[in-house]
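Sequence lines, in order, name chains A and B.
The working numbering numbers the first residue of the first sequence as 541 and each following residue consecutively.
The working numbering numbers the first residue of the second sequence as 541 and each following residue consecutively.
To be clear, the hints were calculated from the coordinates, so they are not data collected in a lab.
Mixed in with the good hints, there may be bad ones.
Since the list can't tell identical chains apart, any single copy or any two copies may satisfy a pair.
The list that follows gives simulated cross-link-like pairs (lysine to aspartate or glutamate, EDC-like), each with its CA atoms no further than 20 Å apart [to be verified]: (1) Lys623 x Glu803; (2) Lys848 x Asp769; (3) Lys848 x Asp770; (4) Lys752 x Asp597; (5) Lys623 x Glu709; (6) Lys827 x Glu676; (7) Lys594 x Glu709; (8) Lys751 x Glu626; (9) Lys594 x Asp739.
Note that the structure is a prediction, hence the values are computed from the model and not measured.
Here is how the chains run, residue by residue.
Number of protein chains: 2
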Amino acid sequence: MRNLKIMGCANALPGKKMMFKDQTRYRLEEGETLLDLCDVAVQNALEDAGITIKDIDCIIGGMATPLQLIPCNAALIHERVAKGLEIPAMDINTTCTSFVSAMDMASYLIDAGRYEKILIVSGDCASAALNPNQQESYELFSDAVSAFVVGKSEADAGVLYAAQKTWSEGAHDTEIRGGGGLQTAFLFTEENKEDYYFDMKGVKVLKLTAKKLPGLLKDTLLKAQLSLDDIDVIVPHQASKALDMIIPHLGLQNKQYINCVKEYGNMVSASIPFTLCNAIHENKVCKGDTVMLFGTAAGLTSNILIFKY
Amino acid sequence: MRNLKIMGCANALPGKKMMFKDQTRYRLEEGETLLDLCDVAVQNALEDAGITIKDIDCIIGGMATPLQLIPCNAALIHERVAKGLEIPAMDINTTCTSFVSAMDMASYLIDAGRYEKILIVSGDCASAALNPNQQESYELFSDAVSAFVVGKSEADAGVLYAAQKTWSEGAHDTEIRGGGGLQTAFLFTEENKEDYYFDMKGVKVLKLTAKKLPGLLKDTLLKAQLSLDDIDVIVPHQASKALDMIIPHLGLQNKQYINCVKEYGNMVSASIPFTLCNAIHENKVCKGDTVMLFGTAAGLTSNILIFKY
Numbered sequence: 541m542r543n544l545k546i547m548g549c550a551n552a553l554p555g556k557k558m559m560f561k562d563q564t565r566y567r568l569e570e571g572e573t574l575l576d577l578c579d580v581a582v583q584n585a586l587e588d589a590g591i592t593i594k595d596i597d598c599i600i601g602g603m604a605t606p607l608q609l610i611p612c613n614a615a616l617i618h619e620r621v622a623k624g625l626e627i628p629a630m631d632i633n634t635t636c637t638s639f640v641s642a643m644d645m646a647s648y649l650i651d652a653g654r655y656e657k658i659l660i661v662s663g664d665c666a667s668a669a670l671n672p673n674q675q676e677s678y679e680l681f682s683d684a685v686s687a688f689v690v691g692k693s694e695a696d697a698g699v700l701y702a703a704q705k706t707w708s709e710g711a712h713d714t715e716i717r718g719g720g721g722l723q724t725a726f727l728f729t730e731e732n733k734e735d736y737y738f739d740m741k742g743v744k745v746l747k748l749t750a751k752k753l754p755g756l757l758k759d760t761l762l763k764a765q766l767s768l769d770d771i772d773v774i775v776p777h778q779a780s781k782a783l784d785m786i787i788p789h790l791g792l793q794n795k796q797y798i799n800c801v802k803e804y805g806n807m808v809s810a811s812i813p814f815t816l817c818n819a820i821h822e823n824k825v826c827k828g829d830t831v832m833l834f835g836t837a838a839g840l841t842s843n844i845l846i847f848k849y
Numbered sequence: 541m542r543n544l545k546i547m548g549c550a551n552a553l554p555g556k557k558m559m560f561k562d563q564t565r566y567r568l569e570e571g572e573t574l575l576d577l578c579d580v581a582v583q584n585a586l587e588d589a590g591i592t593i594k595d596i597d598c599i600i601g602g603m604a605t606p607l608q609l610i611p612c613n614a615a616l617i618h619e620r621v622a623k624g625l626e627i628p629a630m631d632i633n634t635t636c637t638s639f640v641s642a643m644d645m646a647s648y649l650i651d652a653g654r655y656e657k658i659l660i661v662s663g664d665c666a667s668a669a670l671n672p673n674q675q676e677s678y679e680l681f682s683d684a685v686s687a688f689v690v691g692k693s694e695a696d697a698g699v700l701y702a703a704q705k706t707w708s709e710g711a712h713d714t715e716i717r718g719g720g721g722l723q724t725a726f727l728f729t730e731e732n733k734e735d736y737y738f739d740m741k742g743v744k745v746l747k748l749t750a751k752k753l754p755g756l757l758k759d760t761l762l763k764a765q766l767s768l769d770d771i772d773v774i775v776p777h778q779a780s781k782a783l784d785m786i787i788p789h790l791g792l793q794n795k796q797y798i799n800c801v802k803e804y805g806n807m808v809s810a811s812i813p814f815t816l817c818n819a820i821h822e823n824k825v826c827k828g829d830t831v832m833l834f835g836t837a838a839g840l841t842s843n844i845l846i847f848k849y
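Extracted from the complex, chain A is given alone in its bound form:
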């Protein structure tokens, strides 16, 4: 087990609330930016942990999309919450599962004594790239931010096992083709506009996930020397309304898992930490519980992380 304690966490939602039938979604309102949400989430997470920003040894941006093309997101978050301090800032990106990767990496840094307290900030401005012509994705995503403070545990808490796989045959099933170095903003025209929108081939993603995830889950439990009975709570990525369909396919239907797609939608990289933070504050995750985080992300990447809270 790699030493890691969740010291505190907080979520932040933007001002605009939208309804698509019975589904609630949140979007940034005019004049509001994702950095405003980062600021709120970080201040509240620090308060939840009972510390101040000066106690933090490292800031990790665990996000799917860049706020600017340069510098990295963590440096821009640093400017908002830690200006004048010299805390190292770094991004770790596996798209939607970036928080899981960040927590995974943080456990090595804490366990080895490199850092004592790490701030992880996850969240994306999904609404900046949603295509109004793709109803499925347009009505699925929310903007949100979740911030976690993790540190050294004096008790028996930490990461029991973590695994990641990437199957790049799905690299273009979920993407934003334009905006980066391959197809810059300078090339944007009314004709190729669709390239700059978020493009999700939902059925293809679901098929590839259904094909790959059961094997990874089985393999992970085997290598972790754990059985499903050892897992108390499952916090899956809130990928889509199909979550309840995927769960039995994974043999997890009799386990306690959290589905809040109806209430918040898919919050991209904030989805897993946002759901986990709520579960902690609502006592659905209690001290000593064994928790499994898992999700699939653009790439196609899948992360599973099992930890003792």
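With chain A fixed as given, assemble chain B onto it according to the hints.
Okay, now just chain B, sitting in the frame of chain A:
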């Protein structure tokens, strides 16, 4: 010391060679993409290491800028060099020093036994965002890619010490404001075009670097319990022609350091690994040598990593 062995490396340059007075620069030519360079660098790095892609346990994209906004760069590199395999792909980003951060993180993963062999790919398409009206930066940068295979060492090799600091008072001294979530490609107009170009306030960066770097260097050596005499070779980020001016300011004028700004310019995240790889292949870095990598990056971030080769 954290176990890490450099098993092999290779660099790739694009097809277009340009001269600005006595300074040589490289730029992607029509039809060539950064992924083409990644492909070449990776194949040659694997050959240099005497292994195949099937031996790799993890692919890290240690790059400053996104190729697409989704998925992460490592997933797109995976598609080019590892399609059909399930190697995990992840980006680690501290802009220009991303390779150093990636190597730093890789040392924890290898030392702890998570992965045996990691492929790190660094490089950016600088030319995609260079502003022809900013002569200093326009004539400074090159497009390039460098790939490294790192693994477990059976001998006495590894990371002796690594440190990072971020001073976000310099967050906007080196930036590309547009293209990400804060100012999307959809907002691009002829009037705000400058926001989508790379914008470097060279003098401000140099001043902040000159103010902060000496203290970090001194502190790092102290904590690493090393003196300058213990360092055999210094591989600095090839930030600018001012490199020879910064070196004496850091008290490093009598050390063997590598300056190839004239030959290649600033290759963004490829700069440090490109220079290191050439130094290895030219026997400027030899088995048993203690090597110091350092550089400043947009953020403003600075990384120092001292390793035994």
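Quick rundown of the hints versus the structure:
1. Lys623 x Glu803: Result: close neither inside a copy nor across copies, 34 Å intra and 37 Å inter.
2. Lys848 x Asp769: within (14 Å within a copy, 45 Å between copies)
3. Lys848 x Asp770: Within one copy, since 10 Å is at most 20 Å while 42 Å is not.
4. Lys752 x Asp597: between (37 Å within a copy, 18 Å between copies)
5. Lys623 x Glu709: between (41 Å within a copy, 6 Å between copies)
6. Lys827 x Glu676: neither (38 Å within a copy, 56 Å between copies)
7. Lys594 x Glu709: between (44 Å within a copy, 16 Å between copies)
8. Lys751 x Glu626: For Lys751 and Glu626, the Cα distance is within 20 Å only across copies (13 Å; inside one copy 45 Å).
9. Lys594 x Asp739: Answer is neither: 40 Å inside a copy and 30 Å across each miss the 20 Å cutoff.
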